[in-house]
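Protein chains in written order, with my numbering: chain C, 47 to 370; chain U, 750 to 1028.
No lab work stands behind these hints: they were computed from the structure. Treat the hints with care, since some could be wrong.
Derived lysine-lysine pairs resembling DSBU-like cross-links, with alpha carbons at most 30 Å apart [claimed, not checked]:
1) U:976 <-> U:809
2) U:939 <-> U:1014
3) U:939 <-> C:178
4) C:54 <-> C:227
5) C:153 <-> C:178
6) U:795 <-> U:809
7) C:200 <-> C:59
8) C:177 <-> U:939
9) C:123 <-> C:49
10) U:939 <-> C:156
11) C:63 <-> U:976
12) C:216 <-> C:54
13) C:153 <-> U:939
14) C:123 <-> C:50
15) C:226 <-> C:117
16) C:226 <-> C:258
17) C:341 <-> C:258
18) U:939 <-> C:200
19) C:63 <-> C:123
20) C:160 <-> U:939
21) C:341 <-> C:59
22) U:976 <-> U:885
23) C:117 <-> U:939
24) C:178 <-> C:49
25) C:117 <-> C:178
26) C:49 <-> C:63
27) U:939 <-> C:152
28) C:50 <-> C:177
29) C:49 <-> C:117
30) C:216 <-> C:200
31) U:939 <-> C:123
32) C:177 <-> C:216
33) C:160 <-> C:200
34) C:367 <-> C:341
35) U:1014 <-> C:177
36) U:1014 <-> C:178
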Amino acid sequence: MEKKIKLKIADMKKHYKNGDGVDGINIDVHEGEFVTMLGPSGCGKSTILRTLGGFLSVDSGDILIDGVSVKSLPPEKRPTAMVFQSYNLWPHMTVYENLAFGLEIKKIPKNDIKAEVERGLALVNMSGFEKKYPGQLSGGQQQRVAIARALLLKPSVLLLDEPFSALDAKIRSQMREELKKIQEELNITVVFVTHDQEEAMALSHRIVVMNKGVIEQIGTPEEIYDRPASQFVASFIGEMNFLIQNDGSAMAVRPEDIVITKGEVEGQICGRVRTAMVLGHYVEINVEVGNQVMKAYVTRAIAEEIKPRDVVSLLFTKTCKYCA
Amino acid sequence: MKLLSPRAFYYILGKKGFFQYLLFAGFLIFFYLPLMNLCMLAFADKYEVPAIIPQEFGFKWWGFVLEQRSLVSSISVSFFLAIIVTFVSLAVCIPAAYALARYEFFGKRIFLLSFLLSNAYPRMGLYISIGILFYKLGLMGTLAGVVIIHFLNSMMFMTWIPSGAFRSVYRQQEESARDAGAGPIRTFFKVTLPLATPGIAVASVFTFLSSLEEAQGTLLVGFPQIKTMPVELYGVIMEYPLTAGPVLSLILIIPTVLVLFFMRKYINADSLSGGYGVK
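So that you can see chain C by itself, here it is in the shape it has in the complex (with noise of 0.2 Å):
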């Protein structure tokens, strides 16, 4: 069964002064998907955040969401909520006040606010916190307050500008794993801005992959890292080895699709052991091919065998080829 799109972004483009910008996007964001965009940075994904809260304008195209064109709309008038990287909260506010000044301008009675809060509140685990000031919070609180608003906001789509990248690494994941417990228990539709290919990986259901302006793969987080539409894509999600071939084309495969085995095997690549470096579970060796390094992922059991400067054999399980 084929579910409701609720997001649309049809045909748009967003040209800055500077020659940067988005040109051709289309994406369709299914209710209660959960949508990241993903590149490095400069490549205009944040840019198409902007264009769907309403924080920029487009040069064309459309944007739909429930079915109507929200293109000329001011963001306070958008169904779509937003959470920034930093400086969500405003300081002069306590977190109460902070949760309730959306739900004080929609003119919702003051006992009904005092209950949304507290559930906004609990629903992030912040409760309690009412009457501190973000000041007096930690980045990851004050971002819990911040997701905790804008889904007070009740939206059609929720936005998230990079949320997590000011946080440290264990809180992030900690924030991450919440996040996605959220949305699934809401059924929410959110699209995610990341840099983060780990943090995409780990919450989208779908992931456009953005470079330079333009898509270069929309799919399900399995597709973009077994089936990568291009090298790009290939080099950017996950560890990627590329042979270059004698054509000028790339062969790509990833180093936990390589079996070492040691001495020479006919029909197999043949190369010398670099280096081999335990990553906890699993070794990381390093063999010289040519010119080129290529890297592999093996057990700790296999690893015992292989020494460096050892000659082995390499067996690719699954490669991708991409046209030079």
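Chain C is fixed; fit chain U onto it per the hints.
Relative to chain C, chain U alone:
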């Protein structure tokens, strides 16, 4: 006492610290000696030059100054005027400051620099040409005329400092408010303005104080209908004995010290340098 030898002192503080100390000491003498002299003279009943210490101490001249109806009324005129000037400046300069902070428009730099122009000319020349204009407009000797003169003086920092304060409000904070459903005006009054308040408060204090001490322009445009404290001070210095002036000077200092004391949290190098964009 080894501590008191300059050599020991030099090595305790280090080279940099030592010269900073000397500079600071020099500054204290330069700044506070005249002030102390002023205090001393204000409480002198009898004082004749060339003596340094007054011959008699007492409150005679305080009584004299406070008995002068015109002097006392000048104090209330000064405060009334300073309040009006502060509010007029706020009303005119805050929108300008916001525009300068948030929008790019043609001639922005020239507009910013134009605030310096009124400080580039000798004040008296400026006031005289303004005076000619005011005669034609019928503003001589009116409150409105004096307010305009005071406002001209405060325009620069009343625009620059709040503009810096607006610039330091993060855009995301404004955008979050828009996102939460607030229109541009509500966003300004509920988020931007409160966050910029410290800078605006500093600028207002300066406006208030500079209006309190403004004399030249007031004398030229407002006298004799509008007599403020500094204008009266001119008269007192010329007409009364040497010790009446210090009394009035001290009265002039009191509001300055009070305002600075209560606003000390906000008045610091940060808010000033932010305003002038030199940080």
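Are the Cα atoms of residue 153 of chain C and residue 939 of chain U separated by 30 Å or less? Holds, at roughly 16 Å.
If you draw a straight line from the CA of residue 117 of chain C to the CA of residue 178 of chain C, is it 30 Å or shorter? Outside the cut-off at roughly 37 Å; violated.
Given pair status - residue 178 of chain C, residue 153 of chain C, alpha carbons within 30 Å: 24 Å, holds
Going straight from one Cα to the other, do residue 160 of chain C and residue 939 of chain U come out at no more than 30 Å? 20 Å, holds
Agreement of residue 123 of chain C and residue 49 of chain C with the hint, judged by alpha carbon distance not exceeding 30 Å: 26 Å, holds
Below or equal to 30 Å on CA atoms is what counts here, so check residue 939 of chain U against residue 152 of chain C. 15 Å, holds
Residue 976 of chain U and residue 809 of chain U: Cα distance at most 30 Å? The given pair, whose Cα atoms are some 24 Å apart, holds under the 30 Å limit.
Is residue 939 of chain U close enough to residue 123 of chain C, meaning Cα to Cα at most 30 Å? 18 Å, holds
Within 30 Å, alpha carbon to alpha carbon, are residue 226 of chain C and residue 117 of chain C? 29 Å, holds
Regarding the pair residue 1014 of chain U and residue 177 of chain C, is the alpha-carbon distance no greater than 30 Å? Cα-Cα ~24 Å, so holds.
Restraint status (C-alpha distance of residue 63 of chain C to residue 976 of chain U at most 30 Å): Between residue 63 of chain C and residue 976 of chain U the Cα gap is close to 56 Å, so the pair fails against 30 Å, i.e. violated.
Do the alpha carbons of residue 63 of chain C and residue 123 of chain C lie within 30 Å of each other, as the hint requires? With a Cα-Cα distance of about 27 Å, the restraint between residue 63 of chain C and residue 123 of chain C holds, given a limit of 30 Å.
In the structure shown, a violation is registered for the earlier hints numbered 11, 12, 21, 24, 25, 26, 28, in ascending order.
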